[in-house]
Amino acid sequence: MFDRRLIQNFDWILLVLLLLLAAISILNLYSATYPIRDVGGSQVFIKQIYWFLIGFTVLLLMTTFNYYALERLAYPAYFFTIALLVAVLFLGKVTSGSQRWLSLGPLSFQPSEAAKITLVIVLAKFFSERGGNQVYRLRDLWQPFVLIGIPGFLILREPDLGTALLLVVVSLSVIVFARVKWQSLVILVMSLPSVAPFIWINLKEYQQMRILTFLRPDMDPLGSGYHINQSKIAIGSGQFWGKGFLEGTQTRLHFLPEQHTDFAFSVLAEEWGFVGSVFLLLLYLFLILWGLNIAKSSKDKFGSIMAIGIVSIVFWEVVINVGMVTGLLPVVGIPLLLFSYGGSSLISTMAAMGLLMNISMRRFMFQ
Amino acid sequence: MRTSDFDPVSMEIFNKQLKTVTLLVLVVFGVLILRLWFLQVVRGSTYRAKSENNRIHLQDISPFRGMIFDRNEEMLVGNRPSYDLYVIPEEVQNRKELMANLNRMVTLEPELAEQRLAGPYFKYPFRPICLKRDISRNELAVIETHRFNLPGVMIKVRPQRHYICGTLASHLLGYLGEISETQLRSGQYPDKKAGDLIGKSGVELKWQPFLNGMRGGEQVEVDAAGRKIQTISLKPPIPGFNVHLTIDKALQALTEKALQDKSGAIVAINPNNGEILALASSPPFDPNLFISGIDEATWQEIASSKDFPLQNRALSAQYPPGSVFKIITALAGLEDGVIDPEKEMVCNGRYLFGGHKYHCWKRHGHGQVNLHRALVESCDIYFYKVGKKLGIDRIVHYAKRFGLGKMTGFDVCQEKAGLIPTRDWKLKKLAVPWQAGETISMSIGQSFLLVTPIQMVTLISAVFNGGVLYRPQVTRWIGKTGTEKVHEFVPRVTGRLKIREDNMELVRRALVDVVNGPSGTGCRAKLKDVTVAGKTGTAQVVSFQKERDLYNGGEVPRKFRDHAWFVAVAPADRPGIAVAIVVEHGGHGGTTAAPIAKQIIHAYLGDS
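If you read the sequences in order, they're chains X and A.
Using this note's numbering, the letters of the first sequence correspond one by one to residues 779 to 1145.
Using this note's numbering, the letters of the second sequence correspond one by one to residues 3 to 610.
Bound conformation, chain X alone (with noise of 0.2 angstroms):
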């Protein structure tokens, strides 16, 4: 039976935060590829118009069933993720030096987009399994540590390391939530040095140089260096009001790298200036602030754990990407989510809004 409820409890307020980040990224991306002198126009906007429609769509569909049903599915579909993880490590496409995708027929996606995914439902699994309000310690959680372990490995080896970190940063913060003895903690927090030497052996000479560029950026002053000033140049030039729609000249003139997708956030605030850039900003905070409040109005650990995941993920990828473009973090070639050009990431995201969405409409149903 159909359930009336769902649709007076369908959450308009995420529809709608979505609608209108999806409208700022084309409007922003059209403006990033806008051609300089007539020569050939860009499509990107029109791909990325497409690419939002097949999202909302995945959305809808992740609304269909009850999110309960996860709890059985959460480990085939995390060893699925894996297989898939592996496969892409020996049938991937090669793209500038790293195997990150995955081709079906004219379609191709990165498993590691999926990965994050399901790495937050079977911790939500985990956790949520737990009795009552236990504390944990370290030996508790081996079982979440293998399960992170093995997903950022294998994306290690890709090499795809903004997303491998992302992985365990976000990981880390469900397990956090799901409250460590701070003297555990403590320990972890110790212990990373003393593995980081043997991790780093084990890391080819060009990977090496890749961690040491990602945290000292001046080692590559062709590379991220001149890309991390252009940024800055074109982010500050757009002053409080900014230069208006496509008269960015940081934009125009192809200083900025990557600008309709590392680097979207660059075009939006010399384009809109201050007021734009914290208007998107506040957007992506008023999108975590919800999802936090569908955590909390769930009446399920699995649902609550799930949707402090999924906030999980939206929060550290705004912050990596935003801190990137403005010179705070390394770059690390993190897009920003719902609003860089993509479709393999936009279409993931927008499942896992969906899952989100899902959650939230099933918070006054008890079964």
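I should point out that these hints are in silico values taken from the structure, not numbers from a laboratory.
Worth double-checking, as some hints may not be accurate.
Computed Cβ-Cβ distance ranges for the label pairs, DEER-style [claimed, not checked]:
1. A/Gly197 with X/Pro975: 52 to 62 angstroms
2. A/Arg37 with X/Ile965: 30 to 40 angstroms
3. X/Ile785 with A/Pro10: 27 to 37 angstroms
4. X/Ser969 with A/Val159: 49 to 59 angstroms
5. A/Asn96 with X/Ile832: 44 to 54 angstroms
6. X/Ile979 with A/Pro192: 49 to 59 angstroms
7. A/Pro192 with X/Trp978: 22 to 32 angstroms
Glycine residues also receive a C-beta, built at the ideal position from the N, C-alpha and C atoms.
With chain X held as given, fit chain A onto it using these hints.
Using the frame of chain X, we list chain A on its own:
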């Protein structure tokens, strides 16, 4: 109730934690907004000024291409500074006026320059466009004095490839050219951009990855005229590796001089390891011409010349071996017991077979000849008879043992395989069965046989070095500046003749007398202090005696004259150098090629 549903206690803890998280999120977003405030409001006007006048550019720093040295560490190829003329499109105020001004100061190709300025390069208005490479000192001086009237013009200094000795060893060294679209897209040159130069032939092509080095670059702040104000950060380029060759510059120069105004090739190697001492192909070309972008007319002249200056004749020109091939016919006959070295045969200048008359080069014949005399005086009739007894298949078998019909494996340049005709080959190629008469011609090195000079020098080396075929090589080692070796190339054996030593000795003694005997055909290669051994050859260009007879007594036109061959080794008992020489349309090997061999051997061994 499901197991995972909240109980009231954990619900309370959960809500408390949510409050903490919310606070953390607000703090972090606060930091981001503060950062934006700092960039866009506090420092906003500074950044606005920077963006309106964006003067931070990336500039490439080309690496030094590795140098090339000869065996005595004398430099053959290096680098010199080149001054290149660039224009930054966005900073040009009046394009027409600028072009007119520049045209007065520099010889430009106006259409090409105009095209470059107007093309799709305009997508990146601040990216400098190269108008002319390697302008002269005078042009540079004029431009520098008028810099203030030439907004947007800049000069970049770049190391330019310099072939110090011009045409010397041009075929071995090769030349550079702009990377092609296909090569760029192939992904094999990750460091390269359109317009970059890469090796197109010879050593430059073969060792391109080593010679190339790694591009560097710098982030610089420049003023309105494109001049550097300061370097913001720098990545130094890594120079390429140096290549050390086996050739001897002096000997190389000598061989090229010997071929001056002639077409042909000379290869001199160390017969004990296959190292090339000199390799000349004539006519030569000047690789310096290709670097600064060769103009259309010069290119046409080089590419369409009937003399094919770009072809490396030592490796890829194929000629019939002529009488040099008698070495193989003789050894085959001895090994298979067809020849009794002491038994004499009669040569009266003609040999009748299958209704066709085969001539000896000596019209009235040699009279009674044994193997020794047949080789020394290069009697054709003697070898016709040996060839007839051997048959085509056995001749082919021995020719292949000497490495003919396949590439020698020379390390840097493209080579041809030559041709050893077989029954199958002829049936397939010409759809006609093998004729017994063709065996007769083949036994003196004519018919369909084709060989390259490098195959010939490998052959004569093997006869004198104990029967070893070495892969000819010109690269000794590749290394960094100084003497640190990255790669060292050791001699490689590609085959052994496996011929009985007494038979070899018979042939070797005959070859010594070719040069030193009273009636030897190669007597013009004779030296006082050194025993030279060798064999002459004459490769027919016109194959029928009738046609030759037309010019009998008169001057034969050059294009119908035979190619002259000479192969030699010295000293015969302890070989130090082997030489193969071919002079196109040079007539008799003994007349044209043998004196050149003498010169080369004398220069190499004479002083030591």
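Hint by hint, here is what the structure shows:
1. A/Gly197 and X/Pro975 have their C-beta atoms about 45 angstroms apart, which leaves the hinted 52 to 62 angstroms range violated.
2. Distance hint for A/Arg37 and X/Ile965: a CB-CB separation of about 33 angstroms, consistent with the stated range 30 to 40 angstroms.
3. For the hinted restraint 27 to 37 angstroms between X/Ile785 and A/Pro10, the CB-CB distance of approximately 30 angstroms keeps it satisfied.
4. Checked against the given bound of 49 to 59 angstroms, the beta carbons of X/Ser969 and A/Val159, roughly 53 angstroms apart, stay inside it.
5. At roughly 51 angstroms, the beta-carbon separation of A/Asn96 and X/Ile832 lies within the given 44 to 54 angstroms, and the hint holds.
6. Between X/Ile979 and A/Pro192 the CB atoms are about 27 angstroms apart, so this pair departs from the stated range of 49 to 59 angstroms.
7. For the pair A/Pro192 and X/Trp978, the beta carbons lie near 26 angstroms from each other, so the given range of 22 to 32 angstroms is met.
The structure shown violates the earlier hints numbered 1 and 6.
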